[in-house]
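These are the residues of each chain, in order.
Number of protein chains: 4
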Amino acid sequence: MSKKQVRIGMVGYKFMGKAHSHAFRDIPFFFDTEVVPVLQAIAGRDEQGVKQAAEKMGWASYETDWRRLIERDDIDVIDIVTPNNTHAEIAIAAAKAGKHIICEKPLALTLEQSLEMLDAVKKAGVVHMICHNYRFAPAVQFAKQLIAQGRLGKIYHIRATFLQDWLMDPDFPLIWRLKKQISGSGTLGDIGAHIIDLARFLVGEFSEVVGMMETFIKKRPLGDMDIHLKGRVESDKWGEVDVDDATAFLARFENGALGVFEATRFSRGNRAGNRFEINGERGSIRWDMENMNNLQVYLEDDERGLQGFRTINCTEVEHPYASAYWPAGHIIGYEHTFINLLVEMMNGIANGYSPVPNFEDGVRNQAVLEAVERSVQTGKWVKVSELLQSTQLQVN
Amino acid sequence: MSKKQVRIGMVGYKFMGKAHSHAFRDIPFFFDTEVVPVLQAIAGRDEQGVKQAAEKMGWASYETDWRRLIERDDIDVIDIVTPNNTHAEIAIAAAKAGKHIICEKPLALTLEQSLEMLDAVKKAGVVHMICHNYRFAPAVQFAKQLIAQGRLGKIYHIRATFLQDWLMDPDFPLIWRLKKQISGSGTLGDIGAHIIDLARFLVGEFSEVVGMMETFIKKRPLGDMDIHLKGRVESDKWGEVDVDDATAFLARFENGALGVFEATRFSRGNRAGNRFEINGERGSIRWDMENMNNLQVYLEDDERGLQGFRTINCTEVEHPYASAYWPAGHIIGYEHTFINLLVEMMNGIANGYSPVPNFEDGVRNQAVLEAVERSVQTGKWVKVSELLQSTQLQVN
Amino acid sequence: MSKKQVRIGMVGYKFMGKAHSHAFRDIPFFFDTEVVPVLQAIAGRDEQGVKQAAEKMGWASYETDWRRLIERDDIDVIDIVTPNNTHAEIAIAAAKAGKHIICEKPLALTLEQSLEMLDAVKKAGVVHMICHNYRFAPAVQFAKQLIAQGRLGKIYHIRATFLQDWLMDPDFPLIWRLKKQISGSGTLGDIGAHIIDLARFLVGEFSEVVGMMETFIKKRPLGDMDIHLKGRVESDKWGEVDVDDATAFLARFENGALGVFEATRFSRGNRAGNRFEINGERGSIRWDMENMNNLQVYLEDDERGLQGFRTINCTEVEHPYASAYWPAGHIIGYEHTFINLLVEMMNGIANGYSPVPNFEDGVRNQAVLEAVERSVQTGKWVKVSELLQSTQLQVN
Amino acid sequence: MSKKQVRIGMVGYKFMGKAHSHAFRDIPFFFDTEVVPVLQAIAGRDEQGVKQAAEKMGWASYETDWRRLIERDDIDVIDIVTPNNTHAEIAIAAAKAGKHIICEKPLALTLEQSLEMLDAVKKAGVVHMICHNYRFAPAVQFAKQLIAQGRLGKIYHIRATFLQDWLMDPDFPLIWRLKKQISGSGTLGDIGAHIIDLARFLVGEFSEVVGMMETFIKKRPLGDMDIHLKGRVESDKWGEVDVDDATAFLARFENGALGVFEATRFSRGNRAGNRFEINGERGSIRWDMENMNNLQVYLEDDERGLQGFRTINCTEVEHPYASAYWPAGHIIGYEHTFINLLVEMMNGIANGYSPVPNFEDGVRNQAVLEAVERSVQTGKWVKVSELLQSTQLQVN
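Chains as they are written, first to last, in my numbering: chain A, 4 to 399; chain B, 4 to 399; chain C, 4 to 399; chain D, 4 to 399.
Do not take every clue at face value.
[As the list claims (entries may be wrong)] Here are the computed lysine-lysine pairs in the DSSO-like style, where the Cα-Cα straight-line distance is at most 27 Å:
1) D:Lys240 to B:Lys157
2) C:Lys126 to C:Lys99
3) B:Lys182 to D:Lys157
4) B:Lys157 to D:Lys182
5) D:Lys222 to D:Lys182
[As the list claims (entries may be wrong)] Derived coverage of chain B by chain C (criterion: at least 3 residues anywhere in the stretch with Cβ under 8 Å from a Cβ of chain C; other residues may be distant):
6) 25-32
7) 56-62
8) 335-342
9) 364-371
It is worth saying that the hints were derived from the structure and are not from the lab. Every value quoted in this text rests on a predicted model; they were computed, and no experiment measured them. Where a beta carbon is used, it is the ideal one built from N, C-alpha and C, also for glycine.
Based on the provided sequences and hints, a complete structural model is requested.
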């Protein structure tokens with residue numbers, strides 16, 4: 004194969020590392036991108052762990068220090084799938100080294116930090132993306148097309164949830180996602196960030212927000228940081244949860260739409276309830292990640308008496324990305340959202356631009372996260388644009 | 004009120020009697036029919052029972068012998084809601100007395116008997132209907148309109164089920180519905196008849212059928228005949244079930260469509276699984292009695308990429324009967340199918356015709372039932388038209 | 004029939020009047036209440052209209068002045084189904100006359116006014132109820148039972164919507180529901196009040212709220228006040244809409260639960276999207292008025308691997324009110340919520356108590372409505388209890 | 004990696020070739036099988052096509068004659084994904100060469116031919132499987148576990164459909180799947196075979212069947228054989244369709260269960276309507292390939308009032324194969340059914356047995372197909388066991 008190869012170096016290798024690795028492997032199989040990814044190296048501190056992961060997932064080599072990965076000449080892209088508190092340092096170093104960057108969400112611990120990251124990639128002129136993968140469900144991309152074509156008309160409403168229940172056991176340990184120092188925030192930054200991204204993608208920029216947060220269980224046993232992928236442990240040592248178990252907020256958008264958002268890890272029976280409904284002047288759409296291939300579409304222009312939400316299985320040749328996979332009606336899954344996203348990264352690298360969502364989206368998302376947190380602290384509405392201005396954002 | 008009154012005399016007063024009584028009461032409330040029903044009298048053998056029922060349901064008087072009801076001059080319509088083995092005698096007597104007749108399904112125990120009934124009402128020139136109420140769900144009537152308008156094009160397929168589970172307890176007693184002498188057949192005539200009627204209404208006439216039947220539990224305790232409305236009893240006397248617990252059959256229609264039908268009382272979790280899907284050249288529809296207000300509609304002429312089954316809540320002013328009730332989105336229920344059916348009966352009486360489904364439909368339905376039974380006995384396909392011809396049917 | 008009769012006088016006779024009238028008629032048919040309602044008289048200003056309505060719906064007489072209705076000795080209960088701005092005057096007069104009262108929601112235009120009404124009924128010692136009918140869907144009553152039994156454990160979340168789209172046409176006229184002087188508020192008081200009631204019923208008392216409101220279309224043609232039941236008119240005169248088209252708010256409950264609420268008339272494709280989900284420590288429930296017979300229930304105590312939301316068709320003998328109607332699987336509809344509610348009114352009258360929801364519930368609901376409005380004005384959280392205290396509420 | 008490698012040689016490389024290739028690539032990524040597949044070589048007659056396919060899908064080499072593939076010493080497994088008429092010759096040659104075999108369904112053109120294939124693999128002592136991939140949806144495997152544990156009790160009913168609509172355009176060309184000489188049968192063998200397999204897997208062996216078949220469009224333009232993956236062509240040459248567009252049949256199982264089956268390519272709006280419902284004494288299950296991660300389960304032992312179908316998202320650690328993929332609620336898709344199936348093939352090779360479904364399942368499936376065809380020809384029930392006996396089947 005004579006295609007140009009793009010050599011990937013991935014920092015971290017757990018849940019998200021698995022998702023990214025698989026996606027890189029699948030890109031040349033399903034797509035004809037101009038450049039193709041090569042699984043060159045991964046980095047992790049635990050040599051045995053990183054070595055096994057590299058073997059298992061098909062990476063050609065490994066490093067035990069991410070700095071070494073960035074120094075290597077045979078790496079074109081740094082893929083950051085580590086805990087949130089490390090994103091900034093790695094990304095800024097990678098940018099300085101001239102590497103393209105794909106970074107997991109949320110971009111940073113704070114708006115300030117995210118701006119530094121954006122500044123770094125802009126100065127370095129590298130291609131950058133943030134991994135809001137849910138945008139890349141074909142049904143969501145198709146929703147975007149419908150909205151862009153004006154099929155829904157002016158947007159009046161979005162309501163979105165990301166509901167989980169994996170944290171409800173009081174004996175579930177104090178993993179890194181529950182420590183503000185490492186995660187920046189709890190449910191809000193972890194899954195709230197995803198529905199903020201979907202709203203920005205489909206509806207537009209946030210104007211102002213007011214929110215509430217709650218930590219239902221305030222002390223938890225100390226334990227393995229990645230325990231939620233393995234099961235629970237028992238412990239006689241306890242630590243304080245200093246992030247939110249649940250966050251909800253109201254929003255106004257710059258285009259006049261109203262938004263209602265809720266993210267929680269205390270919603271029994273909802274394993275991954277990433278859902279939204281958008282109502283416009285001429286139509287509405289609904290989506291649910293647990294049936295992610297389907298988009299529900301209501302069109303007011305349908306004949307009277309024949310109006311109703313249509314269940315569209317977005318696996319037809321007309322649907323974004325769908326023709327790369329299987330015939331109509333043969334569904335794809337969670338992992339394909341990463342393939343589609345990284346296909347765009349390849350397109351960006353081949354043609355010298357940073358596809359959306361990129362670090363600017365990361366910054367804007369972080370501004371919403373920060374606005375929600377401030378509104379919780381103050382009990383008042385917070386304008387997102389003022390936050391951005393106060394930090395002298397170079398976002399255009 | 005100066006409207007012409009139509010005085011009803013109802014024979015029987017249990018489950019179906021309740022449904023009919025309620026419907027008669029509601030007709031003038033919801034509809035502006037030219038003639039209005041008056042709940043004149045009911046008949047039943049048990050004086051205490053019939054007296055209480057008359058009071059409870061608002062009937063002006065009662066009789067303990069249905070013959071007396073038919074003799075009464077102040078009765079215009081005889082409504083037959085008794086067990087199947089009594090339909091013919093009552094209907095023929097009522098016809099001879101010049102009463103209009105509404106009769107529960109199945110019309111008779113046999114095709115022969117049903118023909119005698121049709122002959123009687125024709126000779127008498129009275130208005131007659133058979134109570135296939137499910138036709139009168141607004142969603143089903145709307146489906147009929149769509150098919151009649153050619154929105155589905157040529158019909159290729161119907162698959163229909165009526166699935167129940169109330170008979171699965173082996174201690175459930177041997178009620179009249181399980182005795183061939185009284186019921187004519189089991190599941191087939193009781194609920195299979197309904198899906199046959201829906202198919203005839205929506206697709207057309209049956210050409211030939213082949214079926215299978217099974218009685219899963221062959222002996223049951225003797226007990227109260229109407230026990231299934233009250234609960235079970237224990238017994239040390241046992242009797243034989245001589246009707247089918249479950250029947251399924253394949254069908255070809257005269258217009259070339261293929262049908263697959265299944266009726267059973269041994270389908271756990273399905274309380275009233277009266278469902279069908281019809282596929283045509285240009286579209287498809289799906290309906291489920293347990294969500295009876297909704298019709299699923301797929302239209303091939305929808306734009307590519309936007310094709311999918313629409314869930315239409317048939318409560319809009321465009322939907323049949325809907326505007327008589329509540330605003331859009333405010334659903335109606337099972338009992339309204341009877342109201343709508345009896346509204347048609349009133350229209351027929353006012354204007355001197357027998358609305359569909361009438362006794363001719365009852366006969367044609369009975370012919371399909373009989374064809375299925377014969378096919379079970381012979382293990383071969385049976386032509387419905389030959390059955391009808393062999394009995395010298397006067398059906399036009 | 005020797006049962007004690009309760010003679011109803013109803014003020015108003017449009018949409019709600021139809022729902023109430025039908026329910027009164029059906030009570031003795033479906034239920035064995037100790038006392039039975041008699042449709043004695045209705046009142047309305049337009050003599051022709053009220054006369055026709057009385058005939059059509061089966062009322063024995065009519066008045067053209069509601070004051071006359073209250074004076075009549077042959078009236079035991081005043082049923083108020085008029086626009087919101089008239090509730091207080093009628094109710095207070097009726098209470099003084101010693102009539103029992105059933106009043107449509109919202110109870111009043113303001114919290115203050117609602118307190119006067121509560122004061123009046125308490126002083127008079129009459130039976131009172133407010134017509135939050137959705138509580139009386141069997142599935143909702145069953146949800147209440149599950150929560151009361153602790154099947155969901157401690158409640159963490161409720162999210163509820165009431166989504167409509169009948170107001171989206173800019174040419175739709177300025178009906179009374181859109182004038183603050185008559186309606187008190189727009190979407191909030193009309194349908195927001197219903198989901199507030201459901202939340203109070205199922206979760207508990209509100210502690211504090213913060214909300215947002217929007218009027219998307221600010222001027223509308225003048226026209227017939229009840230036009231939304233008939234269709235639209237054209238006009239060259241325009242008036243200002245001074246109530247909300249859409250309202251959303253966040254809430255904290257006294258028991259620590261979090262709530263997210265949204266009511267809108269600008270939600271395309273949602274005719275009557277009255278839906279909620281409640282998440283507790285041990286389980287969750289979901290309900291949707293458009294499929295009102297079903298309750299979705301998730302129970303954490305289900306065996307691992309077999310956990311999932313169950314679709315329970317609440318038509319079984321175990322479900323509240325269900326055995327009064329039809330066999331399992333045979334659904335009921337919107338109108339039955341009124342029957343069930345008014346059955347409770349009859350029980351209250353027979354036994355001398357005011358069943359929930361009564362005027363106290365109306366006051367507490369009004370306090371939440373007012374808190375939401377104030378939070379919109381101030382941009383800050385408003386404590387419901389402080390509002391109640393500031394008005395020196397006699398609510399216990 | 005020191006694991007034993009199993010070198011695959013695949014004959015054919017179109018739709019199924021893509022599905023198999025992808026699955027082989029993913030096995031070592033997701034699973035820890037004792038032996039791992041190596042994509043050694045593919046064979047196809049068109050050198051340019053096969054070369055491109057090998058490159059695209061990651062195969063190390065290619066051949067233009069499948070016989071050459073079988074001769075190669077560096078091939079351990081022959082994977083047959085060619086049209087049906089070639090299965091027997093390739094499989095028998097591969098068996099004689101001592102290769103393990105995985106073969107697409109239906110196994111052969113006739114029962115006789117399938118028996119020769121079974122005979123060949125048995126004599127050769129090689130590992131063999133048939134590619135009924137739908138068994139390997141985690142939800143279906145979980146259904147099997149529930150049934151095996153007796154959770155549904157005695158099985159009374161299965162109803163299954165495989166509904167497609169890709170053939171409804173009369174201009175769609177006469178591809179190989181529509182020529183009996185190549186495909187053996189039409190809809191029946193192509194997709195009917197899948198639901199027969201699911202029924203055999205979940206319910207048990209078929210006893211007797213009676214069916215009907217129809218070819219709705221009898222002449223079609225000649226054109227590219229694989230056109231249905233690409234779109235349609237126009238043609239002035241027409242050929243006869245000599246296979247079925249639609250087949251339905253009734254079945255009795257050896258354990259007394261009743262089955263109703265329908266496969267069609269003329270079912271508008273159903274792209275891949277592979278669905279079944281099974282009813283047993285104690286419970287029921289429902290499954291739909293288009294939402295393949297979900298299993299609907301009804302358990303009669305659930306508390307009264309809380310009975311209902313549960314929607315179980317089979318992505319939990321308790322569900323078969325699920326823990327190899329992603330956290331709960333993160334769905335997988337069509338392609339994963341092939342991964343799971345081929346994992347079993349690897350297990351079989353590592354441990355010297357032929358996992359189900361193997362060639363014996365292929366033979367038994369073929370016997371049902373043949374019984375259905377004969378019943379269509381004779382218009383009578385056909386016993387599957389007699390067919391098997393008449394061919395002196397060595398199936399144990």
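So, going through the hints one by one against the coordinates:
1. Annotation: proposed proximity of lysine 240 (chain D) to lysine 157 (chain B) holds, straight-line Cα distance about 26 Å (limit 27 Å).
2. Taking the CA atoms of lysine 126 (chain C) and lysine 99 (chain C), the gap is near 8 Å; set against the 27 Å cutoff, the hint holds.
3. A hinted pair counts as satisfied when its Cα atoms are at most 27 Å apart, and lysine 182 (chain B) with lysine 157 (chain D) qualifies at roughly 25 Å.
4. Pair hint lysine 157 (chain B) plus lysine 182 (chain D) holds up; C-alpha atoms about 25 Å apart against a cutoff of 27 Å.
5. For the hint linking lysine 222 (chain D) to lysine 182 (chain D), the alpha-carbon distance of about 11 Å falls within 27 Å, and the restraint holds.
6. Using a Cβ-Cβ cut-off of 8 Å, 5 residues of the stretch 25-32 of chain B lie near chain C, which meets the minimum of three, so the contact claim holds.
7. With a cut-off of 8 Å between beta carbons, the stretch 56-62 of chain B has 4 residues touching chain C; three or more are needed, and the interface restraint holds.
8. Note: the stretch 335-342 of chain B has 5 residues with beta-carbon separation from chain C under 8 Å; the three-residue rule is met and the coverage holds.
9. A count of 0 residues in the stretch 364-371 of chain B with a Cβ less than 8 Å from any Cβ of chain C is obtained; the coverage claim is therefore unmet, three being the minimum.
In the structure shown, a violation is registered for the earlier hint numbered 9 alone.
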